[in-house]
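Visitor: Go by the hints and put chain B onto chain A.
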Amino acid sequence: MRMRREQSAGRGRSSSRVHYGMSEIIITIVLVVLAVITIFPLVVPLLFAFKTQLEFAYHPWAIPEALRWNNFAEAWKAVRIDQGLLNTLIVCFGSILCTIPSAVLAGYVFARYRSRVTEILFYAILIGYFVPVQMVLVPLYRMEVSLKMNDTLYGLFLPMAAFGIPFWTLIYRSFFKSLPRELAEAASIDGAGHTKTFFRVMLPLAQPATVLAVLQVFMGAWNDYLLSLILLSDQNKFTMQLRVASFLNSYGTDRMPRYAAAVIISALPTLILYLVGHRWIIKGMLSGAIKE
Amino acid sequence: MEIVEGKTSFAGKKKHKKQDRNRSVFIFFCILPAILFLVIFLYYPIEETFRLSLTKTTGLSKEVFVGTDNYQRLFHDEEFFAGLKHVFSWAFWSIVIQLPLSFFIAFSLTYYSNRFTRPLQAVFFLPNVLPSAITAMLGKFVFAPNYGLIVSLGKVLGWKWLASIDFLGNPNLAFWAIFAIATWAYSGFYVIYLMSRIEQIPRELREAAELDGASMWSYARHIVLPELNYPLRILAVLCTVGSLKLFDLPNMMTTGGPGNATVTLGITLYRHGFINWNYGKAAAIGVVIFVLSLVFTILQFSLGRKKDEAI
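Chains as they are written, first to last, in the working numbering: chain A, 1 to 292; chain B, 1 to 311.
Hints were generated in silico from the structure; no laboratory data involved. The structure displayed is predicted, hence computed values, not measured ones. A hint or two may mislead.
Claimed, not checked - No more than 25 angstroms apart at the CA atoms, straight line, and that leaves these computed lysine to any residue pairs for SDA-like:
no., chain 1, residue 1, chain 2, residue 2
1, A, Lys196, A, Val117
2, A, Lys148, B, Phe50
3, A, Lys177, B, Leu36
4, B, Lys85, A, Val133
5, B, Lys18, A, Phe199
6, A, Lys196, B, Val25
7, B, Lys155, A, Ala66
8, A, Lys196, B, Asn22
9, A, Lys283, B, Lys85
10, B, Lys18, A, Leu42
11, A, Lys196, B, Phe28
12, B, Lys245, A, Met219
13, B, Lys17, A, Gly193
So here's chain A without its partners, still in its complex pose (with noise of 0.2 angstroms):
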């Protein structure tokens, strides 16, 4: 591909050659130095985390003189990721379990299914499309406040997977209504029944519109901030972004050094996800694109 501009380019004017490599070099130059801008504060705690306040306070920038792991100790102890950690996964798995298996129903019967009443029904769900969370935030509150649901992380997974069933039930809708008729025909001429042609054919089918869901609710639940604050205030049931937010109110930005080592330990299990799996979550995000 690369041969065929510089052929291309190269025609006649010998120096356009030139001038064409000269600014993809620059080009690259721009965006290398644009991601090293993307990447830096999240290099820079690594610098600071092992210093002592007066090591920091002076010398900043230099290398540590030594690897000292008490900022990291004390940071653990004032953030306790790994119980907020918990609770996140307990929240990822509760939404995924309750969005996706009612998405995906819903979405089978209003593309298969069509007459007059799931037709109303899905222009129904669908208004839940465009409510914002703020919208019902106190009613909500206060319901689950009623029905001793707050404090709890299925009171947290359950509003969740209201919100993000009508998205879901829209995408998995217009799946199924891509995937060929003649499928459901040749299994309902085989005797299967709806419940069957269902499981035995559709599900399987529908598998790449559920691995993206799963991923997609999956990165919901674990971003979820505001739900989380207004339902939650034990302590114990503090989701990581909770954790890490009461550690911002709590712990200033004076101890530099221990705070460096709470940024690097909050954003972690995040980096090793994404680590992971940058191709599933890219990939993922783009399907889902036009979501929020």
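Guide: Chain B in isolation, oriented as in the chain A frame:
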């Protein structure tokens, strides 16, 4: 499912009835979970929001119907207007700064696809996956007074003016500090979205342009930009709706302060509802957010949703 109906029309009436019932039962149980979730956690709260917005309700006292009083009070609420102003200027600056920057990165990355392209894409997208609490934490890390990253840079360079700035404590700078960290965090998504759109432009267009001797910039201006007209408009609407819901970063970095310098609609709602326990007023703000985001979402749909757009 026409085939099922077709088959049953030939069958006896009894069988027809039974199959019909099976079908309805199947439909019923498929839709039931979704409907239950939505009725309990969405429709009922929506109805309650509208009702509460017309009452005076605190956590303890009884609800009193006050008509549109809450909405009228919003018109005299300094904090609410500060939130409204910040939300729209946030949307404006996202469109003016974040989108062109993302377009530049996306276009350059796809124009020269070389060995750097995919790693750089992964780097630019990385901040996007960080949960907002961690983004806020990094924002404070960068902009903190005395020991923050920028202040430390100022010290080591000997620039006293830079070393003495308190970004988050200064009402004129706090908004921009949060905006900067948001640009860092959110642009990655615009980059990968625009990249995927640019990669869908037929190769022949570029080859033809190059045969005509078009430079990189005229290719960008006359071919890529017009092709991206629709995705860019979609992103502009996303920026606007996103600003209406803006809450996490300003709440964690400055809690709306200093004063009302970084208040957003979400933060006013949170302050009224969950700090002052004035449910009625908070519900009224919720309705305002809903109406505004509805207007912009309808705009998004009326931009002409292409068939492949949903998935």
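Visitor: Among the hints numbered above, which are violated by the structure, and what are their numbers in rising order?
Guide: 9, 10
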